[in-house]
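Using the sequences and the hints given, assemble the complete structure.
Listed in order, the protein sequences are those of chains A and B. If you read the first sequence in the numbering used here, its first letter stands for residue 1, the second for the next number, and so on. If you read the second sequence in the numbering used here, its first letter stands for residue 1, the second for the next number, and so on.
Hints in this document: simulated from the structure, not taken from any laboratory. What you are looking at is a predicted structure, and each value in this text was computed from that prediction instead of being measured. No false leads were slipped in.
Per label pair, the in silico range of CB-to-CB distance:
1. A:14 with B:373: 18 to 24 Å
2. A:98 with B:156: 57 to 63 Å
3. A:27 with B:396: 49 to 55 Å
4. A:27 with B:203: 51 to 57 Å
5. A:97 with B:330: 50 to 56 Å
6. A:72 with B:309: 27 to 33 Å
7. B:430 with A:96: 19 to 25 Å
8. A:35 with B:156: 55 to 61 Å
9. B:309 with A:86: 36 to 42 Å
10. B:500 with A:97: 37 to 43 Å
11. A:35 with B:209: 44 to 50 Å
12. A:35 with B:25: 45 to 51 Å
Built from N, CA and C at the ideal position, the CB exists for glycine as well.
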Amino acid sequence: MPSPPPSTESTPTPEQFQAVQQSEDFSRLRRSFRGFAIPMTVAFLVWYFAYVLLSTYAEGLMSTPVLGNLNLGLLLGISQFVMTFLITWLYIRHANRSLDPISQKLRDELEGEN
Amino acid sequence: MEFGNPVFNIAIFLAFVVITLVVVIRVSKQNVTAGDFYHGGRAFSGRQNGIAIAGDYLSAASFLGIVGAVALYGYDGLLYSVGFLVAWLVALLLVAEPLRNTAKYTMADVLSFRMRQRPVRTAAATSTLAVTFFYLLAQMAGAGALVSLLIGIEGRVGQSVVIAVVGVVMIAYVLIGGMKGTTWVQIIKAVLLITAVGVSTVWILALNGFNLSEVLGKAVETHPDGATILEPMHQYGTSGATKLGFVSLAIALVFGAAGLPHVLMRFYTVPTAKEARRSVVWAIGLIGFFYLCTLVLGFAAAYMVGVDVIGTLPGGSNSAAPALAYALGGTVLMGIISAVAFATILAVVAGLTITASASFAHDIYNGVIKEGSATSAQEVKVARRTAVVIGAVSIIGGILAAEQNVAFLVSLAFAIAASANLPSILYSLYWKRFNTRGSLWSIYGGLGSALFLITFSPVVSGSETAMIPGADFAWFPLTNPALVSVPLGFFLGWLGSVTSSEHDELKQAEMEVRSMTGAGAEKATQPH
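Written out as structure tokens, the structure is:
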């Protein structure tokens, strides 16, 4: 990693922050972030608590054998790992493509181009 | 029953201590300012920090505790693995990057950003210290419980001496190395732990033709409870209350991780939010791999060591993993796994100590008592002294708590973090209307209700395995308070905010823009 530049940028004033908050670019950034993060959070919480509640109150169903000794519950448990890796990958892709360009632009505007 | 060679185990452990101390001394030469002590100059890469997070998070309780729980209870032990991992999505999606962008050293920096400083800082520091204390106690208790099995030292005196040694080495790491040294200890430990666990897992799978079903089948054949270990509610299914306790534990696990102060503080050790994101990705990969392995190791311990034998081991189910290592690879693997388990305790305890001392020095001493007027040299001096005090307290606490259940103490720390910290973190990052009263009600309400419900739960009194077995004042039926205290923390945060008219519009704008863009964020102070 290169050594960081000396901090010559001026610190933005509160009014500058407020102006950015009200800008079109910023609301686009916020929409894009929330439009991804909120549904994903809901989705993984639903899947996680479905697994927990089914394990607790539908023992019979979860004990159904599927693959050899692996029953439905164990497979759903392992699916939580797959889900976590998948959402992580999706988020990285979304952040690199859609979030970073806007936030970079706004940061440059606030801190001065160099 | 004798396992392994104590002299060999001690030798490997000492080698780890010597090597890490050399590393700590070498990297600590650049530590000058308060910042260097707290966040190591923010010069760690995302990958390095991600490995260190895994080292911080994969505590002895999760390694030894989960393998033991899966060996004894099968399916129900899996919940810990799943919850501990899925929780990272909260950190990845909602917490890590905005946190790196808005704050400087501690969790209280974020929570007090747009609030009245003194009351909110005090509240956040209080809950930081509470969570850290329970987590610390769990690790030190684990150290004591392991001693008798791993290095053949028996009796209270011998165990206490070992706990004291662990405490002293940990204080040395923190005092000499600060955050930078501590981070390197965690990186080294994470690599050793994950390699050891990965190799053991592949080995076991290879013995079974890489067929997980065969491992499960053998566990079922030898387990006294047979096929029921593959079905849910083997451990938690006794009554309606124990079932609800399981749901409550699930809530604590998934919402706890992103509220653990020592995990949050790791996000300040990287130069940018993007690197913070990278650290979480590395952490999720490593932690996920690790927990998948513990599943295999747990079922393997059930048939290779035997459930009856595990029950007779000193340290009980916590000793299943080292005993499995002995059955698998004899003295050498057992020595490595034992040393890694100790290294784990050392590294995690060092991370906790630096978090607690940073919070005390930065938030309480400088933020509240000196009202921000202390110099960075004064602050670091206070932080170092605090680290020594915390080290001493944890040595004493660890000796007193040596008989307590390790996994329970950790899940307690998660429940408190989920109730007291997470609601206010999410509100202050994402809800405009959130204000000082909301923060205070949420933090103190979550913390207070969690502690209150734990006190009157079956884990403290009224059952054979309780902390105070003779007494019975338990009226709260669940072993984990999160089912009540987490919603209460969120509710009180909302209620406090809407009943107070305070609202700092400019500060809110600054915090939101900073958290989303990284403008004005703290820069790295050291080249890497």
